[in-house]
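Generate coordinates for the entire structure from the input sequences, incorporating the hints supplied.
One letter stands for each residue in the lines below.
Number of protein chains: 2
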Amino acid sequence: MSKSNNVYKDAYNRGLRLLDETKSLPSEPELGALLGVSRTTIRTILARMEETGLIAWNKRSKTVLRVPRPDDFFPEEETDTLSQIIERSFMRRLLAGGAEPGMQINELELAREIGVGTTSVREFLIRFSRFGLIEKRRNSHWVLKGFTRAFALELTEIREMFELRSAAAFAALPEDSPVWADLDLLEDEHRRLAREIATRFNEFSELDERFHRLIHRASHNRFIVDFYDVIAMIFHYHYQWNKAQERERNEVAVTEHLAYIAALKSRDLGKVDAACRKHLKSARHTLLTSIPEGQQP
Amino acid sequence: MSKSNNVYKDAYNRGLRLLDETKSLPSEPELGALLGVSRTTIRTILARMEETGLIAWNKRSKTVLRVPRPDDFFPEEETDTLSQIIERSFMRRLLAGGAEPGMQINELELAREIGVGTTSVREFLIRFSRFGLIEKRRNSHWVLKGFTRAFALELTEIREMFELRSAAAFAALPEDSPVWADLDLLEDEHRRLAREIATRFNEFSELDERFHRLIHRASHNRFIVDFYDVIAMIFHYHYQWNKAQERERNEVAVTEHLAYIAALKSRDLGKVDAACRKHLKSARHTLLTSIPEGQQP
DNA sequence: AAACTGTTTTTTCACGATAAAAGACATTAA
DNA sequence: TTAATGTCTTTTATCGTGAAAAAACAGTTT
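Order-wise, the sequence lines are chains L and H. What the first sequence shows, in my numbering, is residues 1 to 297, in sequence order. What the second sequence shows, in my numbering, is residues 298 to 594, in sequence order.
These are computed hints drawn from the structure, not numbers from a lab. Given the structure is predicted, the values throughout are model-derived calculations rather than measurements. Careful, some of the hints might be misleading.
Computed list of lysine-lysine pairs in BS3-like fashion (alpha-carbon distance at most 25 Å, straight line) [said to hold, decoys possible]:
id: 1; chain 1: H; residue 1: Lys433; chain 2: L; residue 2: Lys136
id: 2; chain 1: H; residue 1: Lys578; chain 2: H; residue 2: Lys540
id: 3; chain 1: L; residue 1: Lys9; chain 2: H; residue 2: Lys433
Pairwise CB distance ranges, derived in the manner of DEER restraints [unchecked claim]:
id: 4; chain 1: H; residue 1: Pro323; chain 2: L; residue 2: Gly102; range: 26 to 32 Å
id: 5; chain 1: L; residue 1: Gln245; chain 2: H; residue 2: Leu450; range: 41 to 47 Å
id: 6; chain 1: H; residue 1: Thr360; chain 2: L; residue 2: Thr81; range: 23 to 29 Å
id: 7; chain 1: L; residue 1: His285; chain 2: H; residue 2: Arg446; range: 39 to 45 Å
id: 8; chain 1: H; residue 1: Thr337; chain 2: L; residue 2: Arg213; range: 17 to 23 Å
id: 9; chain 1: H; residue 1: Ala396; chain 2: L; residue 2: Asp226; range: 18 to 24 Å
id: 10; chain 1: L; residue 1: Glu76; chain 2: H; residue 2: Leu315; range: 16 to 22 Å
id: 11; chain 1: H; residue 1: Gly350; chain 2: L; residue 2: Asn106; range: 36 to 42 Å
id: 12; chain 1: H; residue 1: Thr337; chain 2: L; residue 2: Val179; range: 56 to 62 Å
Every residue, glycine too, gets a C-beta built ideally from N, C-alpha and C.
Right, here's the structure in full:
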């Protein structure tokens with residue numbers, strides 16, 4: 001089967017949304033920039049839009065004929081990257097119990113189970129290995145280290161080190177740095193979310209990530225910035241898995257974020273340090289309580 | 298051509314060295330454990346040893362018939378892993394000038410140039426990406442970020458953060474921890490090297506790595522331990538590249554290590570911190586001065 | 001001339017296939 | 001009855017291949 005055309009399908013779906021807003025589409029290069037794909041893909045998209053009667057396409061003119069219907073869209077599941085599919089499958093296995101630390105991981109078996117080639121699984125495992133949950137034995141199998149209490153502690157130790165440093169760097173940024181505007185925007189979003197927390201609490205995790213990434217970026221250190229990928233990944237799956245007291249947890253976190261933001265804006269390093277520590281402490285606590293860990297090794 | 302039998306060749310060469318010492322070889326499983334390969338490979342090795350008249354092999358008895366000659370060994374270059382070959386090629390290109398930051402990396406071209414399949418190059422690049430020197434553009438090519446001054450500064454920033462913490466953890470380890478014995482051994486090796494520094498200065502980098510890894514391991518944090526791979530890689534190639542004042546640099550470093558070791562043994566956190574800082578400062582200085590960096594971006 | 005569209009080439013991504021190496025099972029020797 | 005050897009099966013490492021997507025080139029339009 002070779003290679004799926006998910007890039008095309010995903011861009012097509014996103015392209016459909018543009019049709020609602022305008023009467024005619026821009027040039028091919030412009031569309032490419034807008035959707036983040038090459039002109040080749042744009043032309044395939046336009047060809048289909050013409051075929052299904054969504055637009056009339058003749059060279060430069062791309063007139064919208066009708067508004068897209070729900071069945072014009074490709075199904076969501078066909079727009080995923082192979083590595084997303086593999087990651088999801090893998091994480092489901094990992095979190096759905098029965099995945100004891102020390103267990104070995106079989107590339108072939110994983111590939112068969114997910115229904116993909118071994119190469120993709122291998123590449124996924126190599127990429128995934130930087131999260132510290134698996135490890136490769138020299139020309140042999142992979143070993144699962146497991147999502148254990150030890151893992152969570154090691155992760156949060158680094159996180160705290162990095163974030164305290166980034167927050168201090170952030171507070172020391174000059175008045176005219178564009179980050180202060182970004183911070184103001186995030187503050188507004190936090191306030192709005194705080195007001196409607198009862199209904200929108202599940203929107204927090206996305207906001208959380210954007211906030212922390214903004215802070216980490218102030219470190220101007222690629223290793224610190226990249227490390228947030230590990231945290232984001234863990235929190236992403238952790239939140240999907242553990243929904244207990246989600247509303248309460250997020251409500252507390254929003255409040256802590258607002259205090260953290262106020263501290264940053266005060267530029268008082270002592271206050272920043274205190275607010276940051278307080279938030280990280282409760283984040284660690286949340287993560288730790290969610291790990292079952294029947295018996296320690 | 299599929300897969301090279303470098304595992305066999307490397308193990309065979311190492312196996313030959315055993316023939317010098319004994320009159321007969323141990324059992325197959327024992328040999329496997331000794332050389333770190335499976336029984337399948339051991340049997341292939343024994344078969345060849347028999348064929349070339351090195352041993353007489355009959356079931357359990359494996360009598361050594363003669364001492365191996367130089368031409369019994371497989372050539373060194375045939376014992377390398379594909380990924381080692383790719384890494385060397387890639388680093389040579391990267392360090393041999395003409396590799397400007399921002400330049401794009403072409404998998405196909407690299408593969409053709411080295412004479413390997415694209416899959417191996419892809420896997421190498423994915424593995425290599427954690428070193429922060431290259432970056433992938435979403436479904437497109439890789440971009441070289443370059444071995445720049447910024448990179449060195451970011452790297453050393455993390456290194457210093459991690460090593461100070463590890464050193465403190467080390468000094469706090471209980472009296473009966475086995476690391477103190479390891480440290481004593483390393484101290485001896487340092488003293489011996491210091492005495493003969495004039496002739497053995499090029500043996501320092503291997504000792505350096507063992508010393509710092511021992512310290513980092515005291516952190517009991519996989520992210521800190523794993524990060525030393527980045528440092529080791531950079532220093533490895535950096536030292537190959539820049540031989541200026543190697544003797545002087547290493548002589549200074551050995552002295553600093555000895556002071557560092559003494560501080561650790563004193564268990565005085567203030568002294569440890571000072572000795573560690575001093576050594577890291579000169580390590581950073583060495584690294585920075587070796588980066589040409591004509592014009593900043 | 002600048003920016004677009006049409007066409008061709010190149011590169012990335014993913015697969016199945018195959019040899020090397022590991023691992024499992026059966027058999028034999030001490 | 002344990003621990004080795006002999007044999008068979010499975011898994012990993014690597015390649016060549018082909019479709020998807022990107023990128024380069026050439027020709028048009030404004």
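| Between H:Gly350 and L:Asn106, does the C-beta distance stay in 36 to 42 Å? | Given about 41 Å between the Cβ atoms, the range holds.
| message | Can you tell me whether the CB distance of L:Glu76 to H:Leu315 sits inside 16 to 22 Å? | response | 60 Å, violated
| CB-CB spacing for L:Thr81 and H:Thr360 relative to the 23 to 29 Å hint | 58 Å, violated
| task | Assess, step by step, whether the Cα of L:Lys9 is no farther than 25 Å from the Cα of H:Lys433, and give holds or violated. | result | 22 Å, holds
| field | 25 Å Cα cutoff - pair H:Lys578, H:Lys540 | value | 20 Å, holds
| Within 26 to 32 Å or not, the Cβ separation of H:Pro323 and L:Gly102? | 28 Å, holds
| CB-CB spacing for H:Arg446 and L:His285 relative to the 39 to 45 Å hint | About 40 Å separates the Cβ atoms of L:His285 and H:Arg446, which means 39 to 45 Å holds.
| task | Go ahead and decide if the range 56 to 62 Å is satisfied by the Cβ distance of H:Thr337 to L:Val179. | result | Holds, at about 58 Å.
| Quick one: are L:Gln245 and H:Leu450 within 41 to 47 Å, going by C-beta? | 42 Å, holds
| request: Could you grab the alpha-carbon distance between H:Lys433 and L:Lys136 and see if it respects the 25 Å cut-off? | output: With a Cα-Cα distance of about 23 Å, the restraint between H:Lys433 and L:Lys136 holds, given a limit of 25 Å.
| query | Is the hinted range of 17 to 23 Å satisfied by the C-beta distance from H:Thr337 to L:Arg213? | reply | 48 Å, violated
| message | Assuming the hint says 18 to 24 Å, is it satisfied by the Cβ distance from H:Ala396 to L:Asp226 or not? | response | Distance hint for H:Ala396, L:Asp226 holds at roughly 21 Å.
Consistency note: the structure conflicts with the earlier hints numbered 6, 8 and 10.
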